[in-house]
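J.: Below, each chain spelled out in residue letters.
There are 2 protein chains.
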Amino acid sequence: MHIREFQSMMRRIYFHRDSERGKDATYNWLLDEAEELREALKEQNVRGLEDEFADVLAWLASLANVVNIDLEKAALTKYNNICPKCQKARCECPFEQR
Amino acid sequence: MHIREFQSMMRRIYFHRDSERGKDATYNWLLDEAEELREALKEQNVRGLEDEFADVLAWLASLANVVNIDLEKAALTKYNNICPKCQKARCECPFEQR
Numbered sequence: 608m609h610i611r612e613f614q615s616m617m618r619r620i621y622f623h624r625d626s627e628r629g630k631d632a633t634y635n636w637l638l639d640e641a642e643e644l645r646e647a648l649k650e651q652n653v654r655g656l657e658d659e660f661a662d663v664l665a666w667l668a669s670l671a672n673v674v675n676i677d678l679e680k681a682a683l684t685k686y687n688n689i690c691p692k693c694q695k696a697r698c699e700c701p702f703e704q705r
Numbered sequence: 608m609h610i611r612e613f614q615s616m617m618r619r620i621y622f623h624r625d626s627e628r629g630k631d632a633t634y635n636w637l638l639d640e641a642e643e644l645r646e647a648l649k650e651q652n653v654r655g656l657e658d659e660f661a662d663v664l665a666w667l668a669s670l671a672n673v674v675n676i677d678l679e680k681a682a683l684t685k686y687n688n689i690c691p692k693c694q695k696a697r698c699e700c701p702f703e704q705r
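Those sequence lines, one after another, are chains A and B.
Read in my numbering, the first sequence has 629 at position 22, and its numbers run on one by one without any break.
Read in my numbering, the second sequence has 684 at position 77, and its numbers run on one by one without any break.
Hints are supplied without guarantee of correctness; some may be wrong.
If we take Cβ atoms under 10 Å as the criterion, some of the chain B residues that face chain A in the derived model are [claimed, not checked]:
#, residue
1, I620
2, L667
3, A671
4, D677
5, L683
6, I689
7, K695
Subject to a maximum C-alpha distance of 30 Å in a straight line, what follows is the list of computed DSSO-like cross-link-like pairs (lysine-lysine) [stated by the list, open to error]:
#, chain 1, residue 1, chain 2, residue 2
8, A, K630, B, K695
9, B, K695, B, K630
10, A, K695, A, K685
11, A, K685, B, K692
12, B, K692, A, K649
These are computed hints drawn from the structure, not numbers from a lab.
The C-beta atom is built at its ideal place from N, Cα and C for all residues, glycine as well.
One chain only, chain A, in its complex shape (with noise of 0.2 Å):
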């Protein structure tokens, strides 16, 4: 699935509430998320594992749909097969960078 098209299906899901919750709040369950994340890389589940993964991408996309960002474009834009800092197909930025 393209990311465009998560986003707009993030967007029949959820707008109604994202939009109502607005940018902030829907930020920090971005970070609640994030933070559950974190949590599920110490376990062994890969289920699990996949279940966070899959939720940060959600509210990520929510809070675009929420500040009217098109994330497909926004991240071709920044990556297009090459590092943006150093413009080499595979990364030769100093290690510290990135």
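Following the hints, position chain B against chain A.
T.: Positioned in the frame of chain A, the structure of chain B alone reads:
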């Protein structure tokens, strides 16, 4: 672009670095980018906001590569045109739940 293709692109550009850095440090970068997104949400700069959404998605894909999770499969297993909690195409969960 499919979610899976984006993850593969991140793998081509960054996996040699992501795998060396490991899951904990890669997670910390994801969290740093989420913090930068929070700051960008306060500004009126659409391009800067797009940039931070791109980075959060990129680091989420990098982390998924490190722990060998298929982000697209994970997302579509959980979110398949209905809310996974209330099972409705337009979520009707009690507002606190999401």
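J.: If you draw a straight line from the CA of K695(B) to the CA of K630(B), is it 30 Å or shorter?
T.: violated, 35 Å
J.: Given a cut of 10 Å on the nearest C-beta pair, is the interface hint for K695(B) held or broken against chain A?
T.: holds, 8 Å
J.: Given the hint that K692(B) pairs with K649(A), test it: the Cα-Cα distance must not exceed 30 Å.
T.: Distance of about 25 Å is within 30 Å: holds.
J.: Assess, step by step, whether the Cα of K695(A) is no farther than 30 Å from the Cα of K685(A), and give holds or violated.
T.: holds, 13 Å
J.: Once the shortest beta carbon distance from L667(B) to chain A is found, is it less than 10 Å?
T.: Constraint on L667(B) satisfied, holds at 6 Å.
J.: Holds or violated: is the Cβ of I620(B) closer than 10 Å to a Cβ in chain A?
T.: At 5 Å from the nearest chain A Cβ, I620(B) passes the 10 Å test, so the hint holds.
J.: Just to be careful: measuring from the Cβ of L683(B) to every Cβ in chain A, is the smallest value less than 10 Å?
T.: This interface hint holds because 6 Å falls under the 10 Å limit.
J.: Between K630(A) and K695(B), does the CA-CA distance stay at or below 30 Å?
T.: holds, 23 Å
J.: Holds or violated: the hint that A671(B) contacts chain A, with Cβ atoms closer than 10 Å.
T.: holds, 6 Å
J.: Is K685(A) within 30 Å of K692(B), Cα to Cα?
T.: Answer violated: K685(A) to K692(B) is near 34 Å, above 30 Å.
J.: Does I689(B) pass the interface hint, meaning its C-beta sits closer than 10 Å to a C-beta of chain A?
T.: Check passed: Cβ of I689(B) comes within 7 Å of chain A, closer than 10 Å.
J.: Report holds or violated for the interface hint on D677(B), using the least CB-CB distance to chain A and a cut-off of 10 Å.
T.: Constraint on D677(B) satisfied, holds at 8 Å.
Against the hints set out earlier in the document, violations occur for numbers 9, 11.
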